[in-house]
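Participant: All chains, please: the whole structure from these sequences, using the hints.
First residue of the sequence shown: 3, per this note's numbering; consecutive thereafter.
No lab work stands behind these hints: they were computed from the structure.
None of these values were measured; they are calculated from a predicted model.
Watch out, some of these pointers could steer you wrong.
Stated by the list, open to error - With a Cα cut of at most 30 Å, we get these calculated BS3-like pairs of lysine-lysine:
(1) 742 <-> 314
(2) 700 <-> 742
(3) 497 <-> 314
(4) 742 <-> 774
(5) 498 <-> 314
(6) 700 <-> 774
To be verified - With beta-carbon atoms standing in for the labels, derived distance ranges:
(7) 310 <-> 634: 53 to 61 Å
(8) 242 <-> 655: 58 to 66 Å
(9) 76 <-> 536: 29 to 37 Å
(10) 540 <-> 76: 27 to 35 Å
(11) 263 <-> 633: 50 to 58 Å
(12) 652 <-> 768: 45 to 53 Å
Where a beta carbon is used, it is the ideal one built from N, C-alpha and C, also for glycine.
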Amino acid sequence: MIDPVVHDSDPDASAAPHVVWSASDLVRAARCEFATVRRLDEVLGRAPRLAAEADDMLERAARLGDAHESRVLARYVDRRDPAGLLTARGSDDVAGAAGRVVTVAAEAARGAGGRRERLEQAHGLTLALLEEGAAVVHQASFFDGEFHGLADFIVRSGEGADAIFTVVDAKLARSAKVDALLQLGAYADQLEAAGFPVAPEARLVLGTGAETSHRLADLLPVFRERRVRLRSLIAERVADAAPVAWGDPRYSACGACDHCTAEVVANDDVLQVAGMRRTQRDRLRAAGITTMTELARATRGPRDMSAATFEKLRRQAAMQTGLAVVDGTVVWTERDADGQEVEQQRSWTVVDPGAVERLPAPSPGDIFFDFEGDPLWTDAAGQDWGLDYLFGLVERPTEPGSRAPFHAFWAHDLTQERAALVAFVDYVTERRRRYPDLHVYHYAPYEKTHLVSIAARHGVYEEEVDDLLREGVLVDLYATVRESVRISTGSYSIKKLEPLYMGEHLRSGDVTDAAASIVAYATYGEARDSGDEARADELLAGIRDYNRYDCDSTLVLLEWLRWAAERAGGAATGGAFRPDPYLGLDPHVLGVPAGAAGAVPDGSDDSTDDRSAALTDARAAVLAVEGRVREIVGEDRAARSADEDALALLGAAAGYYAREDKAAWREHFARLVDPVDEWPGSDNFVVESARPLTGWSKPPRARTLRRTVELRGRLDAGREVREGEGRTALYDAPWPSAAKDSVDGHRAAIDGLTVESTSRDGDVHVLVVQEKAPRASTGGTSCRWLSFRGPR
Numbered sequence: 003m004i005d006p007v008v009h010d011s012d013p014d015a016s017a018a019p020h021v022v023w024s025a026s027d028l029v030r031a032a033r034c035e036f037a038t039v040r041r042l043d044e045v046l047g048r049a050p051r052l053a054a055e056a057d058d059m060l061e062r063a064a065r066l067g068d069a070h071e072s073r074v075l076a077r078y079v080d081r082r083d084p085a086g087l088l089t090a091r092g093s094d095d096v097a098g099a100a101g102r103v104v105t106v107a108a109e110a111a112r113g114a115g116g117r118r119e120r121l122e123q124a125h126g127l128t129l130a131l132l133e134e135g136a137a138v139v140h141q142a143s144f145f146d147g148e149f150h151g152l153a154d155f156i157v158r159s160g161e162g163a164d165a166i167f168t169v170v171d172a173k174l175a176r177s178a179k180v181d182a183l184l185q186l187g188a189y190a191d192q193l194e195a196a197g198f199p200v201a202p203e204a205r206l207v208l209g210t211g212a213e214t215s216h217r218l219a220d221l222l223p224v225f226r227e228r229r230v231r232l233r234s235l236i237a238e239r240v241a242d243a244a245p246v247a248w249g250d251p252r253y254s255a256c257g258a259c260d261h262c263t264a265e266v267v268a269n270d271d272v273l274q275v276a277g278m279r280r281t282q283r284d285r286l287r288a289a290g291i292t293t294m295t296e297l298a299r300a301t302r303g304p305r306d307m308s309a310a311t312f313e314k315l316r317r318q319a320a321m322q323t324g325l326a327v328v329d330g331t332v333v334w335t336e337r338d339a340d341g342q343e344v345e346q347q348r349s350w351t352v353v354d355p356g357a358v359e360r361l362p363a364p365s366p367g368d369i370f371f372d373f374e375g376d377p378l379w380t381d382a383a384g385q386d387w388g389l390d391y392l393f394g395l396v397e398r399p400t401e402p403g404s405r406a407p408f409h410a411f412w413a414h415d416l417t418q419e420r421a422a423l424v425a426f427v428d429y430v431t432e433r434r435r436r437y438p439d440l441h442v443y444h445y446a447p448y449e450k451t452h453l454v455s456i457a458a459r460h461g462v463y464e465e466e467v468d469d470l471l472r473e474g475v476l477v478d479l480y481a482t483v484r485e486s487v488r489i490s491t492g493s494y495s496i497k498k499l500e501p502l503y504m505g506e507h508l509r510s511g512d513v514t515d516a517a518a519s520i521v522a523y524a525t526y527g528e529a530r531d532s533g534d535e536a537r538a539d540e541l542l543a544g545i546r547d548y549n550r551y552d553c554d555s556t557l558v559l560l561e562w563l564r565w566a567a568e569r570a571g572g573a574a575t576g577g578a579f580r581p582d583p584y585l586g587l588d589p590h591v592l593g594v595p596a597g598a599a600g601a602v603p604d605g606s607d608d609s610t611d612d613r614s615a616a617l618t619d620a621r622a623a624v625l626a627v628e629g630r631v632r633e634i635v636g637e638d639r640a641a642r643s644a645d646e647d648a649l650a651l652l653g654a655a656a657g658y659y660a661r662e663d664k665a666a667w668r669e670h671f672a673r674l675v676d677p678v679d680e681w682p683g684s685d686n687f688v689v690e691s692a693r694p695l696t697g698w699s700k701p702p703r704a705r706t707l708r709r710t711v712e713l714r715g716r717l718d719a720g721r722e723v724r725e726g727e728g729r730t731a732l733y734d735a736p737w738p739s740a741a742k743d744s745v746d747g748h749r750a751a752i753d754g755l756t757v758e759s760t761s762r763d764g765d766v767h768v769l770v771v772q773e774k775a776p777r778a779s780t781g782g783t784s785c786r787w788l789s790f791r792g793p794r
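Facilitator: Set out below in structure tokens:
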């Protein structure tokens, strides 16, 4: 809330503004200094205010945060104030505050007098309530002449000279964030400055109901360091008459917030380039390449950037600036914010047809799958967060021109989420019996990661889901798109690709993106709970239509990729690509007819978990324990007793080690499939050049051939390598015959590479490693990447 306030007592209207800042401003400055100083320029009248677009998700999160804070307040009232909540609006309410839970009314800072005077009055009221002996002060208002903040709760412990005060904030997050810790430090600093004894630890009440404690000895030094920096920013901006310029070296910029995004576009910044990292931007700028157009026209990259990386970024920049030779361009019209039709165009070019050719052969059993999930959903107790409320899929049409069958598996609570997972996996398993060569296509990693997390959450079908991943049944078309085509936009989301292949069937309706789907589902819940069945059904139909469109889009994208790859190779015949044969639709018609959705689980689960015949005895024993525990404790955590909670923890522990090992293996297999810039984790070494130092030989008593290789490249930021570490080497095709690939992988790996020495050549890391050749395999390329995490 950076706000310039002229001293109310100063009759000179030309006096320099006195800037008041809040804990939120401190947090904003820590995230992005440019946004902070640009916001200050706006309130000082030096720059036009950035128009804030409505964000339904943020508004919903804010409402949920307010509701969470209200629940915490209600608990304090129940525990510490039998008389009920006292609202303090002014000094007349102080006398009765001893031992009470008191909320400082918002109007306390909006009363008579100038703004500065009102802030001082609210601050004085807060201190008076604490001195009077209030047990808890809610919305405690602080103002020291420059800082203004509202602490959620100041909680008193002890009486008289033994009283101490604890800062407590309610945060909707499921874990403590740096932002929240800075705020705790700010309020504790205010209490100390006012002379109140402060507890050595501050607390957060998280959205899960859990409380976390944080030492002020750790928080206050960081807060005070950030305060010094914010004061410096404010002083510079007040003294400087000109607005801050984009790229001002005095201020760091995140490059992603609304203020930065506006400047990135206005200045043609290289950050517009799809896949551009901040570190890469820094290297380009140091080499004098600051705009996307300059990058598109550049002939030489920075010395500290590999030629391959530079060329990939340069070609993407050329696509986005219209300077590249392309395979095709699509033109369409869409309505802007004012309702006016605007012509748009998007181009594409195929850069690696092989990535498409490596996709599985089409099967009549293929499935196209998409989740809808709400990360802010909570159960009745507020303990469990997140719900995947719709598992949607379409099957491949049975004959050309027919409408693809659609199935929707709904889940409106955690019990139904488990049932939906079971129903979905059973459906896929049964369909694989009929079509052993089928694959489940999706776009982006969400479907894979959430199938895994849902199975782990409910302790059901974990092995079956792992089998789908291991056997390459799930195919992520995002990875294929990133490897195979280049498009003329800075995003490769499926929404940005659809103009290339959906023709007349571009999205329309009330639900057109994932955020709108989540908000619509939350509104559905409210309508359902209020008894408005007609509105609830209407909202669910809109979500179903949106999900079906995503599934249809994935199907058509796959066919367009094959068409584009054949066209690039000169094998395609006929005219422009048409989606109609794959959708079974007439032009201008899209949507799900009433009753077209598949069966909807009702929350019951008639499936059996008796799958031990196909598993090891040890795994079968674990399943038996987990199944028996689940029968006793159920899925509703809010309804469990303390003994049932303890039993649930014991049941979850039965498969703990196997479950923990899977995460590393999933990351490993993701590296074999995904584009390098999408790899999970941050412990990777990208090899830019390799030079053998010795030939292959077999040392005494060794069982395999070995050689020493010098690898030059770059480590992820913050990563260090120690001599003697054993690592996994990843190879491009053609890889050594002994390397292990995966069913759907584009790379292969050999474990057991050892780092012998490390050094630096400027910004380049130099590793000398010992490379093994299992089973005397010495063919193939040198390794391209080292993985410093994953299976050992």
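Participant: Please go over all the hints and tell whether each is borne out by the structure.
Facilitator: Status of each hint after checking the structure:
At roughly 27 Å between alpha-carbon atoms, residue 742 and residue 314 fall within 30 Å of each other, so this suggested pair holds. Proposed proximity of residue 700 and residue 742 is supported: the alpha carbons are some 22 Å apart, at most 30 Å. Of the supplied pair hints, the one linking residue 497 and residue 314 holds, its CA atoms being roughly 23 Å apart against a limit of 30 Å. With a CA separation close to 14 Å, the supplied pair residue 742 and residue 774 stays within the 30 Å bound.
In summary, the hint linking residue 498 to residue 314 is supported, as the alpha carbons are separated by about 20 Å, within the 30 Å threshold. Proposed proximity of residue 700 and residue 774 is supported: the alpha carbons are some 10 Å apart, at most 30 Å. The hint said 53 to 61 Å for the Cβ distance between residue 310 and residue 634, and at roughly 57 Å that hint holds. For residue 242 paired with residue 655, a C-beta distance near 60 Å keeps the hint of 58 to 66 Å intact.
Here the CB-CB span from residue 76 to residue 536 is close to 33 Å, well matched to the stated 29 to 37 Å. Roughly 34 Å separates the CB atoms of residue 540 and residue 76, a value that falls within the hinted 27 to 35 Å. The hinted range of 50 to 58 Å is satisfied by residue 263 and residue 633, whose Cβ atoms lie roughly 52 Å apart. For the pair residue 652 and residue 768, the supplied restraint of 45 to 53 Å holds, since their beta-carbon distance comes to about 50 Å.
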